[in-house]
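Visitor: If you want the building blocks of each chain, they are given just below.
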Amino acid sequence: MSLHLPVLIVVLLLAASYTVPLLDRYRRGLTLPVTILSLITAFISSLYLLYLIGVQGPFVYHLGGWPPPWGIELYIDYLAVYMLIVISSIGLLVIIYGAKDLLHEINEEVLSWYYTLYLLLMASMIGIALTNDLFNLFVFVEISAIASCGIISAKADRRCIEASIKYLILSALGSGCILLAVAMIYMITGNLNFDYVAAALPEALKLYPYNIVIALGLFVVGFGVKSALFPLHVWLPDAHSSAPSPSSAVLSGLVIKIYAVALVKLLFRVFPPQIFEAIPILDVILFLSVFAVMAGSIFAMVQDDLKRMLAYSSIAQIGYIFMGIGLFGGRALTGGLLHIFNHAMMKSMLFLAAGLIIYATGIRNLKDLKGIGVRMPWTMGAFAVGAFSMVGIPGTSGFISKWFLALGALDLNRPFYVAIILLSSLLNGIYYFPIIIDAFFGTKVDPVSEFRDVPALMLIPVLILAAGVIFFGFYPKPLLDLVNKAISF
Amino acid sequence: MEVITKLLNNYYYFAAMILFVIGFHTMLTHSNLIKKIIGMNIMDTSIFLFFVSIGYVRGGRAPIIQEGAGYLYVNPLPSALILTGIVVAVSVTAYALSLIVKLYAHYGTMDADEIAIIRAREER
Chain A
5 MSLHLPVLIV
15 VLLLAASYTV
25 PLLDRYRRGL
35 TLPVTILSLI
45 TAFISSLYLL
55 YLIGVQGPFV
65 YHLGGWPPPW
75 GIELYIDYLA
85 VYMLIVISSI
95 GLLVIIYGAK
105 DLLHEINEEV
115 LSWYYTLYLL
125 LMASMIGIAL
135 TNDLFNLFVF
145 VEISAIASCG
155 IISAKADRRC
165 IEASIKYLIL
175 SALGSGCILL
185 AVAMIYMITG
195 NLNFDYVAAA
205 LPEALKLYPY
215 NIVIALGLFV
225 VGFGVKSALF
235 PLHVWLPDAH
245 SSAPSPSSAV
255 LSGLVIKIYA
265 VALVKLLFRV
275 FPPQIFEAIP
285 ILDVILFLSV
295 FAVMAGSIFA
305 MVQDDLKRML
315 AYSSIAQIGY
325 IFMGIGLFGG
335 RALTGGLLHI
345 FNHAMMKSML
355 FLAAGLIIYA
365 TGIRNLKDLK
375 GIGVRMPWTM
385 GAFAVGAFSM
395 VGIPGTSGFI
405 SKWFLALGAL
415 DLNRPFYVAI
425 ILLSSLLNGI
435 YYFPIIIDAF
445 FGTKVDPVSE
455 FRDVPALMLI
465 PVLILAAGVI
475 FFGFYPKPLL
485 DLVNKAISF
Chain B
183 MEVITKLLNN
193 YYYFAAMILF
203 VIGFHTMLTH
213 SNLIKKIIGM
223 NIMDTSIFLF
233 FVSIGYVRGG
243 RAPIIQEGAG
253 YLYVNPLPSA
263 LILTGIVVAV
273 SVTAYALSLI
283 VKLYAHYGTM
293 DADEIAIIRA
303 REER
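Those protein sequence lines, which keep their order, are chains A and B.
Per my numbering, residue 5 is the first one in the first sequence, and the count goes up by one each step.
Per my numbering, residue 183 is the first one in the second sequence, and the count goes up by one each step.
Everything labelled a hint here was simulated from the structure, so no lab data went into it.
A virtual CB, placed ideally from N, CA and C, is assigned to each residue, including glycine.
It is possible that part of the hints are untrue.
Said to hold, decoys possible - Pairs of lysine-lysine residues, derived as DSBU-like cross-links and limited to a Cα-Cα distance of at most 30 Å, are as follows:
hint, chain 1, residue 1, chain 2, residue 2
1, B, Lys188, A, Lys210
2, B, Lys284, A, Lys104
3, A, Lys104, A, Lys371
4, B, Lys217, B, Lys284
Stated by the list, open to error - These stretches of chain A come out as covered by chain B in the derived footprint (C-beta under 8 Å, 3 or more residues):
hint, stretch
5, 132–146
6, 414–422
Assemble the whole structure, with the sequences as input and the hints as a guide.
Guide: Here you go:
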């Protein structure tokens with residue numbers, strides 16, 4: 005039974021996503037419980053998979069009992085399980101928050117369709133984390149592209165529609181690049197399974213070097229567009245700021261990172277190490293990540309809109325993850341992968357807190373937030389924790405990942421990148437601290453006339469995430485152990 | 183000369199790449215959203231062409247195996263994969279077109295530049 009568990013997680017979420025519209029027609033009250041229940045099951049199954057690979061080590065699952073090279077293979081290693089836990093835990097908390105928040109952000113008729121898309125997105129991300137097959141990877145990438153555009157355009161607002169078509173076109177561009185890269189790889193190796201391709205590539209590199217180099221470039225561009233690596237980030241600010249708050253939280257917190265993880269899997273498990281000597285692809289990624297870290301922060305500073313500022317901050321933070329990939333070889337990749345979980349926690353918390361502020365007062369402009377901390381102490385308290393973690397104050401989880409990135413840069417004798425990390429942390433401080441200072445100590449210029457009480461159900465996920473940021477800031481050992489096992493390729 | 187011979191021998195790869203670049207260029211540079219979607223379809227189709235031509239064996243037949251006949255068969259796997267690819271491309275196109283319809287209802291234009299101008303005017 006336990007052997008079928010990996011595929012059952014994906015199947016369960018897919019089945020739930022197709023059941024929800026049916027339930028919507030006959031038993032509308034059941035749509036939300038089904039959504040939440042399936043995500044809880046996914047979370048528990050991920051924890052069980054973690055226990056299982058702790059006992060018996062990483063294992064493979066053959067879909068339909070067909071072994072590779074004929075069938076699709078799922079590979080359950082620490083990296084996959086780590087992503088499974090990140091996705092299912094954050095996804096669960098966000099949808100619990102969304103249960104109340106979505107009622108006022110999107111039309112009631114499309115509410116259960118939103119749950120459908122949300123579950124599809126979760127299933128496809130889990131699929132990307134688990135799969136060991138190039139074409140299967142492409143299919144899951146496309147599902148998640150459509151689903152993530154869908155949860156933006158679910159809000160019948162013209163800004164959302166405009167943002168989602170921009171996102172859809174650029175992400176179709178990325179998918180095209182990925183599919184062409186898959187074709188290039190298939191052309192010379194005759195296989196789609198990661199392990200078979202990895203076995204065939206060192207030999208093929210001598211015969212057809214251009215194919216492999218082009219495929220590598222296309223993979224980096226394709227996944228770079230989708231995960232908003234700096235010069236390819238143009239779709240992100242619109243998409244993440246105009247979407248409903250739960251969508252923003254999930255898109256910024258999870259979706260952009262799963263593509264980075266897919267790239268990690270391809271770069272270090274499929275492509276032979278010799279290719280990094282042939283072309284300096286890691287240096288290119290590193291170079292772009294430095295720009296991402298600086299430019300994201302600088303753009304964020306000049307924004308007036310709270311959610312738009314958070315969206316630009318995501319561009320900077322994805323830069324740290326790519327910096328971890330670019331500084332491969334030391335402890336930096338630990339920091340980069342750790343930052344996936346840390347940033348997922350803090351950015352989804354910040355977006356949810358921003359959503360709470362918008363829910364309660366309708367304020368989006370940063371200048372109007374003066375004195376809001378007195379009105380909403382818990383929300384702004386959580387926001388402050390998230391902001392501290394973004395800056396990297398010790399005692400928050402953001403510090404740990406930046407610490408390991410810096411250690412990794414020193415491992416490779418590249419102190420320049422330590423300076424970059426420090427500088428960008430200061431830049432983060434420049435735009436996060438004024439908000440907190442204004443919120444708690446600012447004199448209220450304009451008393452907020454409209455004020456809605458925040459339901460406890462919306463506040464609890466935010467507080468859980470804030471507690472998580474502090475907990476993993478003081479006690480990162482379980483996460484570090486997991487990540488260190490995940491990167492032993 | 184050698185390059186030209188190689189290109190002529192593999193003209194289907196060459197054609198696929200040219201189509202890919204045309205689609206890519208259309209998608210990025212045209213401001214009309216419908217043209218962008220057409221560009222996307224050209225790009226996707228070029229990849230399908232590329233993928234299918236990988237599996238082609240000169241003189242091969244459809245892979246319906248007849249025992250002892252000794253025919254040459256084409257590789258069926260790329261064609262099977264591309265069926266999935268076509269389905270994905272169709273659904274993305276349908277979704278994109280439906281978004282464009284909604285956008286047209288809101289702005290009265292399908293041109294991305296004009297929409298940007300309208301929005302800038304309203305924000306001022």
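Visitor: Would you mind marking each hint as holding or not holding in the structure?
Guide: Right, here's what the structure says about each hint:
Between lysine 188 of chain B and lysine 210 of chain A, the direct Cα distance comes to roughly 19 Å. Compliance with the 30 Å bound is thereby established for this hinted pair. This hinted pair checks out: lysine 284 of chain B and lysine 104 of chain A have alpha carbons roughly 27 Å apart, not beyond 30 Å. Between lysine 104 of chain A and lysine 371 of chain A, the direct Cα distance comes to roughly 27 Å. Compliance with the 30 Å bound is thereby established for this hinted pair. Of the supplied pair hints, the one linking lysine 217 of chain B and lysine 284 of chain B holds, its CA atoms being roughly 17 Å apart against a limit of 30 Å.
Against chain B, the stretch 132–146 of chain A contributes 4 residues with a C-beta closer than 8 Å to a partner C-beta. That satisfies the three-residue criterion, and the hint holds. Residues of the stretch 414–422 of chain A with a Cβ under 8 Å from some Cβ of chain B number 0, which does not satisfy the need for three, so the listed coverage is violated.
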